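K.L.:
What follows is the residue order along each chain.
There are 2 protein chains.
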Amino acid sequence: MKLLVSIIVVYFICVCSIQAQSLVQQLGYPEGTKLLILHADDLGIAHSENQATFDAFEKGMVNSASVIVPAPWFSEFVVWARQHPEADLGLHLTLTAEWDLLKWGPVAEQVPGLVNDQGYFYNNVMDVIAHASVEEVEKEIRAQIERYLAAGLQPTHLDSHMGSLFNEKFFSVYIKMGKEYNIPVMINFDFMRKFPGVKPTIPENTLQVDQVPMAFPKNYQDGMKEFYSNTLRSLPAGVSVLLFHCAYDNDEMRAVANDHPNYGAHWRQLDFNFFTSEACRKILKEKNIQLITWREIGELLK
Amino acid sequence: MKLLVSIIVVYFICVCSIQAQSLVQQLGYPEGTKLLILHADDLGIAHSENQATFDAFEKGMVNSASVIVPAPWFSEFVVWARQHPEADLGLHLTLTAEWDLLKWGPVAEQVPGLVNDQGYFYNNVMDVIAHASVEEVEKEIRAQIERYLAAGLQPTHLDSHMGSLFNEKFFSVYIKMGKEYNIPVMINFDFMRKFPGVKPTIPENTLQVDQVPMAFPKNYQDGMKEFYSNTLRSLPAGVSVLLFHCAYDNDEMRAVANDHPNYGAHWRQLDFNFFTSEACRKILKEKNIQLITWREIGELLK
Numbered sequence: 548m549k550l551l552v553s554i555i556v557v558y559f560i561c562v563c564s565i566q567a568q569s570l571v572q573q574l575g576y577p578e579g580t581k582l583l584i585l586h587a588d589d590l591g592i593a594h595s596e597n598q599a600t601f602d603a604f605e606k607g608m609v610n611s612a613s614v615i616v617p618a619p620w621f622s623e624f625v626v627w628a629r630q631h632p633e634a635d636l637g638l639h640l641t642l643t644a645e646w647d648l649l650k651w652g653p654v655a656e657q658v659p660g661l662v663n664d665q666g667y668f669y670n671n672v673m674d675v676i677a678h679a680s681v682e683e684v685e686k687e688i689r690a691q692i693e694r695y696l697a698a699g700l701q702p703t704h705l706d707s708h709m710g711s712l713f714n715e716k717f718f719s720v721y722i723k724m725g726k727e728y729n730i731p732v733m734i735n736f737d738f739m740r741k742f743p744g745v746k747p748t749i750p751e752n753t754l755q756v757d758q759v760p761m762a763f764p765k766n767y768q769d770g771m772k773e774f775y776s777n778t779l780r781s782l783p784a785g786v787s788v789l790l791f792h793c794a795y796d797n798d799e800m801r802a803v804a805n806d807h808p809n810y811g812a813h814w815r816q817l818d819f820n821f822f823t824s825e826a827c828r829k830i831l832k833e834k835n836i837q838l839i840t841w842r843e844i845g846e847l848l849k
Numbered sequence: 548m549k550l551l552v553s554i555i556v557v558y559f560i561c562v563c564s565i566q567a568q569s570l571v572q573q574l575g576y577p578e579g580t581k582l583l584i585l586h587a588d589d590l591g592i593a594h595s596e597n598q599a600t601f602d603a604f605e606k607g608m609v610n611s612a613s614v615i616v617p618a619p620w621f622s623e624f625v626v627w628a629r630q631h632p633e634a635d636l637g638l639h640l641t642l643t644a645e646w647d648l649l650k651w652g653p654v655a656e657q658v659p660g661l662v663n664d665q666g667y668f669y670n671n672v673m674d675v676i677a678h679a680s681v682e683e684v685e686k687e688i689r690a691q692i693e694r695y696l697a698a699g700l701q702p703t704h705l706d707s708h709m710g711s712l713f714n715e716k717f718f719s720v721y722i723k724m725g726k727e728y729n730i731p732v733m734i735n736f737d738f739m740r741k742f743p744g745v746k747p748t749i750p751e752n753t754l755q756v757d758q759v760p761m762a763f764p765k766n767y768q769d770g771m772k773e774f775y776s777n778t779l780r781s782l783p784a785g786v787s788v789l790l791f792h793c794a795y796d797n798d799e800m801r802a803v804a805n806d807h808p809n810y811g812a813h814w815r816q817l818d819f820n821f822f823t824s825e826a827c828r829k830i831l832k833e834k835n836i837q838l839i840t841w842r843e844i845g846e847l848l849k
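Chains A and B, in that order, are what the protein sequence lines are. Once you know that position 258 of the first sequence is 805 in this note's numbering, the rest is easy, because the numbers rise by one and skip nothing. Once you know that position 249 of the second sequence is 796 in this note's numbering, the rest is easy, because the numbers rise by one and skip nothing.
Looking at chain A on its own, in the form it has when it is part of the complex:
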């Protein structure tokens, strides 16, 4: 009887201990460690975006990125990804085409709720939520994942362009797809807080990073170097994913982001500049911030 009680107690303590483990601990680091993924979004939209992100991987601190599969330059991403099998590359699941002059639409067929009257994705998240059904979103997400896999690549993670999946209507499909394909999903609570009253249910055992900082227009106005420096200097312990976008401020990118200074060509050039700078490297070292990738988080799912 004593033995049985002991076994039960030990089992209970083990289970509690596993459940209570932070992601940092699950990754094998001591509690209190600052772990960081430096993550560039929006690969695939333009050659400028692709080239700057590839350069930032090779010359800078950037160590993770994700691609828009329906975007026109996806094939250029595929070529680079095949040449860099060690790179941490994921799928930026996309349901919107937000730029005025450059457009894309669904990979799946027969998803009328996902397209506007010109046959492209809507240019904003609220229209997607208003018009698309959960079934259409699942069909499209599945088609994007299947096209990525058909290129002979395995995404290390999933995330959501413009946060279009971070709402009550679509969030469960996002989680479901991650589980079905056994790919870690990035969850951004900051985005969710933008939709008042939305409280998506996160199933138990879903791996969650601790914070997902990114720059907003106010930060751009005040100075990006200062924003990123301060963000890194004050980075809390835990797993953080710092989101940004690398592109060159050239003719192509200025046309993509026509009349949109926010997240536009100059903004993305500043992102590239900071995350390939010696200043960035220095802060990471000084503050003892350790870079990890989604690949290591994905290992926990195996």
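Since the hints were derived computationally from the structure, they do not count as laboratory data. Do not rely on the hints blindly, as some may be mistaken.
[As the list claims (entries may be wrong)] Label-pair distances were calculated between CB atoms; the ranges are:
#: 1; chain 1: A; residue 1: R828; chain 2: B; residue 2: V626; range: 41 to 49 Å
#: 2; chain 1: B; residue 1: G770; chain 2: A; residue 2: Q768; range: 19 to 27 Å
#: 3; chain 1: B; residue 1: F736; chain 2: A; residue 2: D602; range: 26 to 34 Å
#: 4; chain 1: B; residue 1: P632; chain 2: A; residue 2: E727; range: 31 to 39 Å
#: 5; chain 1: A; residue 1: E605; chain 2: B; residue 2: E846; range: 52 to 60 Å
#: 6; chain 1: B; residue 1: D664; chain 2: A; residue 2: E727; range: 41 to 49 Å
#: 7; chain 1: A; residue 1: H631; chain 2: B; residue 2: T753; range: 46 to 54 Å
[Stated by the list, open to error] Partner residues are not named here, just some residues of chain A that face chain B (Cβ under 10 Å, in silico):
#: 8; residue: F624
#: 9; residue: D664
#: 10; residue: N797
#: 11; residue: E799
#: 12; residue: T840
Quick caveat: nothing in here was measured; it's all calculated off a predicted structure. By construction, the Cβ of each residue, glycine as well, lies at the ideal position given by its N, Cα and C atoms.
Based on these hints, arrange chain B on the given structure of chain A.
P.N.:
Frame of chain A; chain B shown alone:
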């Protein structure tokens, strides 16, 4: 009885005379006139292509162009076309996506014979002929025309990207679509001659231009300025459509035409240079070549 015979004879002469009229005469010019359309293809594929073509319209001799509707920058074309309602703009019907790093696919759904295993158009015409049915091609052409019309624009003409419709299998669909939508179609006999044994039937009363010169790789090697100068200097009488492509030789266009010097970024820059040059303007004047547009040919269909 005499009167009846006279009426029949007069009627017969009139019909013969109408049928025997050359396109030059139908357009109201004396036989022997040299009429020319300076036509830039491939609008829509890249910002570089769009911008160079728009600039060539505004600063140069270029007076006609056509757009690839499924290409990513179609919306930029739409904006410019709306601002330039007088411009002679047509639809470059497209069934191929020939570049390695930048891709597009069908506007229509459920046309499996038109797509490769990555979901894009094939990169060459022979694969389109081998895999696509006539019904699928009609469906796709119709979808491209409908998307163009849905943008609130009216194409002044139709032509065929990479000549994929200039073969026995698809040619009749091309002619049929032109008749159905009452839009003049560009017929390129030079392309047809590339397919041995192909003799597409051209229905009576189909408006046909007389020659469609364009540069080939040998001309690029020998010098484009010389080729275009000689082509213009030796231009025969009749209606000619001189085909070329304007783009800037910049990062974007060099990535589009990655590893393809033929019809690549430098080639297209040379096209732009010539057709915006004083040399070109001078030859047109010296040789008494008169520029016309598809708009005037289209008037004959009304």
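K.L.:
Indicate, hint by hint, whether the structure satisfies it.
P.N.:
Status of each hint after checking the structure:
1. A:R828 with B:V626: 41 to 49 Å: holds, 42 Å
2. B:G770 with A:Q768: 19 to 27 Å: violated, 52 Å
3. B:F736 with A:D602: 26 to 34 Å: violated, 47 Å
4. B:P632 with A:E727: 31 to 39 Å: violated, 51 Å
5. A:E605 with B:E846: 52 to 60 Å: holds, 57 Å
6. B:D664 with A:E727: 41 to 49 Å: Cβ of B:D664 to Cβ of A:E727: about 23 Å, so the range 41 to 49 Å is violated.
7. A:H631 with B:T753: 46 to 54 Å: Holds, since A:H631 and B:T753 (Cβ atoms, about 53 Å apart) stay within the stated range.
8. F624: Holds, because the Cβ-Cβ distance from A:F624 to chain B comes to roughly 9 Å (cut-off 10 Å).
9. D664: holds, 7 Å
10. N797: Hint holds; A:N797 Cβ to chain B Cβ min 6 Å, cut 10 Å.
11. E799: holds, 4 Å
12. T840: violated, 25 Å
The structure does not agree with the numbered hints 2, 3, 4, 6, 12 stated previously, though it agrees with the rest.
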